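> In order, the protein sequences belong to chains A and B. For the first sequence, my numbering begins at 1 and goes up steadily by one. For the second sequence, my numbering begins at 1 and goes up steadily by one.
In case anyone wonders, no lab produced these hints; they're calculated from the structure. Don't take every hint at face value.
Because identical chains cannot be distinguished in the list, a pair is counted as satisfied if it fits within a single copy or across any two copies.
Unchecked claim - Capping the alpha-carbon separation at 30 angstroms, the derived lysine-lysine pairs in DSSO-like fashion look like this: (1) K29 x K163; (2) K29 x K135; (3) K136 x K29; (4) K143 x K127; (5) K143 x K163; (6) K135 x K18; (7) K136 x K18; (8) K136 x K163; (9) K135 x K163.
Computed from a predicted structure; not experimentally measured.
Number of protein chains: 2
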Amino acid sequence: MINLYLFRHGIAAERSDKIHDAERPLIPKGQRRTRLVARRLQQIGLRFDVIMTSPFLRAQQTADILHEEGLGDLPIPLPPLAPTGEFARGMAWLQDWQQNHTTESNVVFVGHQPNLGHWAEQLLWGKVGDRLIVKKAGIIGIKLGNLSHSETNNELFLLTSPKWLP
Amino acid sequence: MINLYLFRHGIAAERSDKIHDAERPLIPKGQRRTRLVARRLQQIGLRFDVIMTSPFLRAQQTADILHEEGLGDLPIPLPPLAPTGEFARGMAWLQDWQQNHTTESNVVFVGHQPNLGHWAEQLLWGKVGDRLIVKKAGIIGIKLGNLSHSETNNELFLLTSPKWLP
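Produce the entire structure from the sequences given, and follow the hints as far as they go.
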C-alpha cells in the first residue's frame, strides 16, 4: 500500500528571458516557507521512504529541504515529474515501486502545477477538471489502491498548504 | 463568494440500543480533539460568518466547541445536515445565503459522514465516488462559484484531519 504525497515546489524566481525555466531557483521566502512546512511534517511524524523530484531546480531545491529536515534520504530526479512530464510514465514508476514494496510505504513526488493537481484528479476521478487548488509548498496525500487493477480505489486523505500547517 | 467548510463531528459514544442515534454525545477524547482543532483554526485566523449544524447531538456539541473557541456565533441547526439530509436542500440554503451575501464569506456545515464527503464530491465532480477520507473532527474547504449557474466552478482548497493540525 502506497501513501502518495504530491508536493508542489516553493515560491521561485519569476520567469524571465535571462534564465531558463528549468533553472529558476527558490527565492528566500520560498525556501523559508518550504522549510516551515517540512519541519511541521517532521514534527507530525511523517517520513518518506523515497523522495522523487522533478529535475527542475525549484523542485530539486524543495526536495532538498525535505531531505535536510529529516523527512527522507537524498532526493532522486524523476523526469516525468518535470512540467512536460507524462502521467503515464509517472504511473509506470509507481506501479514498479508497488510491485517491489509489499508493505505500506510513503512516497513523495515533488513537482509542479498544474501537473500535480491533474495527476491527483486522474488518480481519484479518472479525469481532469482543475478542481484542486494546490498552493506553492502545498501538499496532496492519496492512498493508492492496487495500480495494476483497471478499477483502482484511490482515496484523498490530505490537501493542504502552508497556511494550514503553521 | 463563499468558502464552504464541511466539518465532521468529533468522536462520539458508540451506537447502542440504549440511546437514540440522534442523542449520542461526544466522548471526552472527541471533545478534546475537536477543541484542539478549533484552537488551531482560531490561531490560523479562520472566522466563520455562520456556523450551521446537524441537529444531532454529536454535531451540535462539535459546533458548540467551534463557537466556544471564538470561531463564530452560536450554531444554528440545519435539518438537511442530519445523516438523512438531502444534498438539494443543503444547496438551496447555500444559494439563498449566496444571494444575500455579495462579499466573501466563510460558512461552516457541521455534520456527518458519508454525507459531507458525498456533498463535496457532488460540488466538485458532480458525482459521488467515495474518494474522500474525512476523519472525525476533520475538515474540507471548498471555494464555491456561482451556485445558480448550471456549470459551477467549485474548487477544493483543503482536506485535513486532526493529525495534520497539531
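> All hints, please: hold or fail.
Here is what the structure says about each hint:
| no. | hint | result |
| --- | --- | --- |
| 1 | K29 x K163 | both (14 angstroms within a copy, 26 angstroms between copies) |
| 2 | K29 x K135 | within (14 angstroms within a copy, 32 angstroms between copies) |
| 3 | K136 x K29 | within (11 angstroms within a copy, 34 angstroms between copies) |
| 4 | K143 x K127 | both (17 angstroms within a copy, 20 angstroms between copies) |
| 5 | K143 x K163 | both (23 angstroms within a copy, 16 angstroms between copies) |
| 6 | K135 x K18 | within (25 angstroms within a copy, 47 angstroms between copies) |
| 7 | K136 x K18 | within (23 angstroms within a copy, 50 angstroms between copies) |
| 8 | K136 x K163 | both (10 angstroms within a copy, 21 angstroms between copies) |
| 9 | K135 x K163 | both (9 angstroms within a copy, 20 angstroms between copies) |
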